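**Q** Chain by chain, the residues run as shown.
There are 2 protein chains.
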Amino acid sequence: MTIQEKVNITMQRAGAAAEAWSQSAPELRARFLETIATEMEALDSILIQTAMQETNLDEARLTGERMRTTGQLRMYAAMLREGSWVEAAIDTAQEARPDLRKMYTALGPVAVFGASNFPLAYSTAGGDTASALAAGCPVVVKAHPAHPRTSMLVAGAIDRAADTCDVPTGVFQHLEDEGFDTGKYLVMHPQTRAVGFTGSLSGGMALHGYAQQRPDPIPVFAEMGSVNPMLVLTEAVSKRGEAIAQTCAGSITLGMGQFCTNPGLMMGIDCMGLRHFIEVLGQHIAQAKPAPMLHEGISRNYVEKLAQTLGSKGVYLAGQSDAGAPSAAVAWVSGDDFLQNPHLHEEVFGPFSLMVICKDAAQLAQALDALGGQLTCSLWAEPEDLQAMPELMSIARRKAGRIVLNGVPTGVAVAPAMTHGGPFPASTDSRFTAVGIHAVRRWVRPVSFQNFSDELLPDELKNKNLRGIWRLVNNSWTRDDI
Amino acid sequence: MTIQEKVNITMQRAGAAAEAWSQSAPELRARFLETIATEMEALDSILIQTAMQETNLDEARLTGERMRTTGQLRMYAAMLREGSWVEAAIDTAQEARPDLRKMYTALGPVAVFGASNFPLAYSTAGGDTASALAAGCPVVVKAHPAHPRTSMLVAGAIDRAADTCDVPTGVFQHLEDEGFDTGKYLVMHPQTRAVGFTGSLSGGMALHGYAQQRPDPIPVFAEMGSVNPMLVLTEAVSKRGEAIAQTCAGSITLGMGQFCTNPGLMMGIDCMGLRHFIEVLGQHIAQAKPAPMLHEGISRNYVEKLAQTLGSKGVYLAGQSDAGAPSAAVAWVSGDDFLQNPHLHEEVFGPFSLMVICKDAAQLAQALDALGGQLTCSLWAEPEDLQAMPELMSIARRKAGRIVLNGVPTGVAVAPAMTHGGPFPASTDSRFTAVGIHAVRRWVRPVSFQNFSDELLPDELKNKNLRGIWRLVNNSWTRDDI
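From first to last, the protein sequence lines are chains G and P. If you number the first sequence the way this note's numbering does, the last residue is 482 and the count never jumps. If you number the second sequence the way this note's numbering does, the last residue is 1482 and the count never jumps.
I should point out that these hints are in silico values taken from the structure, not numbers from a laboratory. Since the structure is predicted, the reported quantities are computational estimates derived from the model, not experimental observations. Where is the CB? At the ideal position from N, CA and C, for every residue including glycine. Errors might be hidden in some of the hints.
[To be verified] Between beta-carbon pairs, the in silico distance windows are: (1) 296(G) with 1009(P): 49 to 55 Å; (2) 482(G) with 1317(P): 42 to 48 Å; (3) 310(G) with 1181(P): 43 to 49 Å.
Chain G on its own, in the form it takes in the complex (with noise of 0.2 Å):
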């Protein structure tokens, strides 16, 4: 069977499982992603051993991974149960004015990418899948060829958990990684209605590029990562600089650099204190343990970006840890030299930041200004350095999802406040989330129903209101019966 066979027969199936899953019990998919937290859990060692195997990271940190995957699996299920995540909007019939109800639908079938360094959290069966399958869509997951076997003994699970639930087939699927055709089949593929993507700015728009080639563009949510640039401001670097190393330096060698909220640019305005700061965290970098990084791909594209980096006019080293595994390093640049070269505006995916020293709160504000789309901007900021340069405030809040202040991007809290994703190239759609009950929105459309007798309504949308959800009435939101 050629690839583009496989992926035909995984997506018809997809599609013929569509309906069923859309309209299927809120309990059930509850039930459905609950149990492949268990499932996850009853893997025990051995998906921590697989995983630490074929990604290099360590068991403290997978198993914590694994505990951010189950608790996103368990926070979807918890949402469907509560059940307001559908946003009923209810306007019952006045003089010129027919009833008319509305609600979220699955859009169907999706096909998930992902990521290498998130094998659990943003995998088979991560935040993409799991607010997919909550949604109430079918999902086609790809294997990353980073952690093949990882990703089949998640797959295991979830295909286990569906077994107990009576999932319908075809609602969970598993197609190993057999090179780029299968990403370019599955998206070009027309039962599938959308697409779930994390990893680098070439991947995403590859797969962004092929969706809207088809007869029928699909939407395709693509996080892409980004450089998340950290102002180190005046007041705060001179009053508590060193604290301020210290903490950064723990967010860039996290992981091994190895997070899309990885800070790998840092700004500030020259000044004694900014040269103290780079000295201190020059010397908390040179101490830093390397490890592996998550395969050998990723490992030489840091060493030849860092290379080309720390060999661009005006970059200086200011701190590198020792060899052996690729080290972690930081340097700086002079905002001048900065604002000439593109090239340092870019990624360097590991455990690297770049300081660029400006000359005055202009050119700060200009560095910051030519950057792209990000997913996070912080700033370490006393009041004063605000109150001095609001302009900053409003350059964060135009080019990222979320700002950050007094504290480092890593760490993405899962809760409804979160916001992943930002302007591109952060992501390919800034009006979502990939972290939090509302990544689900990426999936559903709404839907509305004119005219319909009681009977005939979905319960979201009855007048009684079965499930107790909150529901916009008449334009205000109640949790009433009509």
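Keeping the supplied structure of chain G fixed, place chain P upon it in accordance with the hints.
**A** Frame of chain G; chain P shown alone:
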């Protein structure tokens, strides 16, 4: 000055106004929208007369359409004053989780391309403009070439309202149409952050294509209309066929069929009742009073496509109004011939509808399923019809943004529960509506604030709920303070 230079200056000005408008007080935006409404009313009969001359629409229709337009403007003003539309979410700090708060923020300058068939309600001060201004986005409208003077008059009203309310320069701008390139440059300009379009499939897809060619793709919401299938089911047509025929005839010929929700296709299962229905419908259509269409191009296009359709294999005329202006018409075709000729699945924009007579329920489902995405799908049905063919409702839900039961699709209520949009090719993104308060979501993205002190947060996210809005606080909806 070349067109490109003109667009460049315009978009630079819009970009320069983006921050101020995005951060402007809700009360200012609300007053601006209301004042636009007042200024449109103050134009009195000049506006109506001008639009009549340019569009051939009659006084009653245009007076009604102005009421719809001013109603929309005031609806968004009310939404801004109420304030909950920003979807504030707050997660207060817990053990491992920092304080995190999220709300919608404006995308930036929006380019609006109005519709020829709604010279007021979906043009210069129409739904796209009103929702984008409400969202906090500067708007640049390209005048529709079919009603340039109407557009200019409305732009003048908006400019006067901007003066009265001290709205910053660049928040609203109007470009005369200077051909296709104006649109292309608008969509391609780096300052443009989103596009709103209402019109043809070819027009919408051209703009969508430009947006995807940009180095930074931007969202295009294009509402491209549809053929709006109307199922006339067996029990219903037997019991009340004549009444249904009369209602349908009204919907088919309303405004010379120039609505994007015009029912261009009907479908039913062959039976005496359906044959009689077609006959009666044909008689009603024969008595329709044809009127001139919006403009020469639309008229010519209608006459050509109608002739093509009527000349297609197996298509039989059931009734046609007297010649003169383009005539209204209905025809019928067998399910077999319909399924073999995809051209018959396409919209004939004007007062025409084609009845597909299917041989049985299976063919009816097949015919409906053969269609692309739709704004609406209507069913004339008795309970027995739906019990006998539950699959029809499933297909309708999959195909359409709005499902109408025992009613016609024309008449799009401006209400929160309205979905005006639908799967491709009805729109480029089925996840949004172009009508109702939720249309604002096309122009906003969430932004999260992490670890902010209260005084640095936007009003909507402070501990004290200053605006009294609904907020999702620690995953529960409340209007209380924290």
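**Q** Does each hint hold? Answer for all of them.
**A** To see whether the hints hold, each was checked on the structure:
1. A beta carbon spacing of about 51 Å between residue 296(G) and residue 1009(P) agrees with the range 49 to 55 Å that was offered as a hint.
2. The supplied range of 42 to 48 Å is met by residue 482(G) and residue 1317(P), whose beta-carbon atoms lie about 46 Å from each other.
3. Between residue 310(G) and residue 1181(P) the Cβ separation comes to about 46 Å, which falls inside the hinted range of 43 to 49 Å.
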